[in-house]
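One-letter residues, chain by chain:
There are 2 protein chains.
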Amino acid sequence: MARLAPEQLTLYLATDPDLLRGRDLVDTVAEAIAGGVTIVQLRDKQADGGPMYEAACRLLAVTRPAGVPLIINDRLDVMLASGADGIHVGASDLPLAKTRELAGDHIVGYSVNTPEDLALAIQCRADYIGIGPAFPTSTKPDARATLGLEGLGKLVTAAPMPAVAIGGVSLENCAATLACGVAGICVISALLNPADTRAAAQRFRTALGR
Amino acid sequence: MARLAPEQLTLYLATDPDLLRGRDLVDTVAEAIAGGVTIVQLRDKQADGGPMYEAACRLLAVTRPAGVPLIINDRLDVMLASGADGIHVGASDLPLAKTRELAGDHIVGYSVNTPEDLALAIQCRADYIGIGPAFPTSTKPDARATLGLEGLGKLVTAAPMPAVAIGGVSLENCAATLACGVAGICVISALLNPADTRAAAQRFRTALGR
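Protein sequence lines correspond, in order, to chains A and B. Under numbering that gives the first Met the number 0, the residue at position 200 of the first sequence is numbered 199, and the numbers go up by one with no gaps. Under numbering that gives the first Met the number 0, the residue at position 167 of the second sequence is numbered 166, and the numbers go up by one with no gaps.
Don't read these hints as lab results, they were simulated from the structure. One thing to keep in mind: the hints can contain errors.
If chains are identical, the list can't say which one is meant, so a pair holds when it fits in one copy or spans any two.
What the hints assert, rightly or not - Think about it this way: if two alpha-carbon atoms lie no more than 16 Å apart in a straight line, the pair counts; the simulated EDC-like pairs of lysine to aspartate or glutamate are:
no., residue 1, residue 2
1, K97, D47
2, K153, E100
3, K44, D26
4, K97, E53
5, K153, E30
6, K44, E115
7, K44, D195
8, K97, D195
9, K97, D43
10, K44, D17
Please read all numbers here as calculations on a predicted model, not as lab measurements.
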């Protein structure tokens, strides 16, 4: 199926247009990759298909030469049209079963918060899962119950596919998070809030020890 | 290609969640169809893929038995996943060429405001076009230059595919609009603002004389 090695999940950046504060999306992602980000998700819940497609094409020019997969949030059509590497869906997005069916050999990721979510991810052959929120976070105001390391560990142990932890993962807690068995961590604000995203990514790679 | 007879464009309803004012989307569309609407576009620029997909599936249960095509705005993936009949894109949506490529035999509609838009619609083999805004309108605040009957007529004459006029089309001007050569008219608020959408659709069919 999809070509996703677990080590490509080590440091996962999901983008958020509100956190760019005037910086160019592609420049910022390029800095993040230079600092050690291994996979990128284009996420913009408000954008129409046109700007989202253009952003995907511009990002691919940076991610592809770096061997970094580009995942599109929710918009499977933008993935298909741009030739991006994969799609990530959650509970409010296109149903996972339909996504898997239409995505073909592309990478399919799914957001998991409960054992029921995990069962669906297994049933629909998601290539990876994002488990969260691991810790309290303000980036996704609609986020569900915080799992903590114990809840995270339970879901990771039961998951046959590689997983990343998402939600409130920081320099301080990322090593303990990794020790739960996830293949990597997903961060948004911890990489986009600092003015120097490259240095922030380097610090995460150091803290992760990978 | 797509199965769209020009007479199916006679009275085209594009939905707008803000105009439902608590009424159920599917019930309202069913009333519109009972009153004479011949084609329906699901349009919700703010919705995630999940709610949009569910709405499409629920609408298909009403449109399909009536022989009324269901067109999805911008979200080609929702069209593919739900099995809806077609996709409509405009300048801010997924590029028309990519849309045509990915849509296969589904109906593809394109929004046209200028001769350049029309040239692209022809080049990409759009199955129908929506020409507008025909008259001043408040439904789409980002709308481009108002065409008037003269501008509408010029574009219609040059179009090899069937066209609907959109933007400010009313009971008062719809007969004159039709006389420009369009296959039909597209309305949003004129059908959704009235509490009795069925009666409003019937009045339009009477005024159109078709």
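Hints and how they fare:
1. K97 x D47: Classified as between; 15 Å across copies, 21 Å inside a copy.
2. K153 x E100: Classified as neither: same-chain Cα gap 28 Å, cross-chain 44 Å, threshold 16 Å.
3. K44 x D26: Classified as neither: same-chain Cα gap 20 Å, cross-chain 28 Å, threshold 16 Å.
4. K97 x E53: between (24 Å within a copy, 12 Å between copies)
5. K153 x E30: Intra 34 Å, inter 50 Å, cutoff 16 Å: neither.
6. K44 x E115: neither (25 Å within a copy, 30 Å between copies)
7. K44 x D195: Intra 25 Å, inter 34 Å, cutoff 16 Å: neither.
8. K97 x D195: Answer is neither; intra-copy 39 Å and inter-copy 36 Å both fail.
9. K97 x D43: neither (21 Å within a copy, 20 Å between copies)
10. K44 x D17: within (11 Å within a copy, 18 Å between copies)
Comparing the model with each earlier hint shows violations of hints 2, 3, 5, 6, 7, 8, 9; every other hint is respected.
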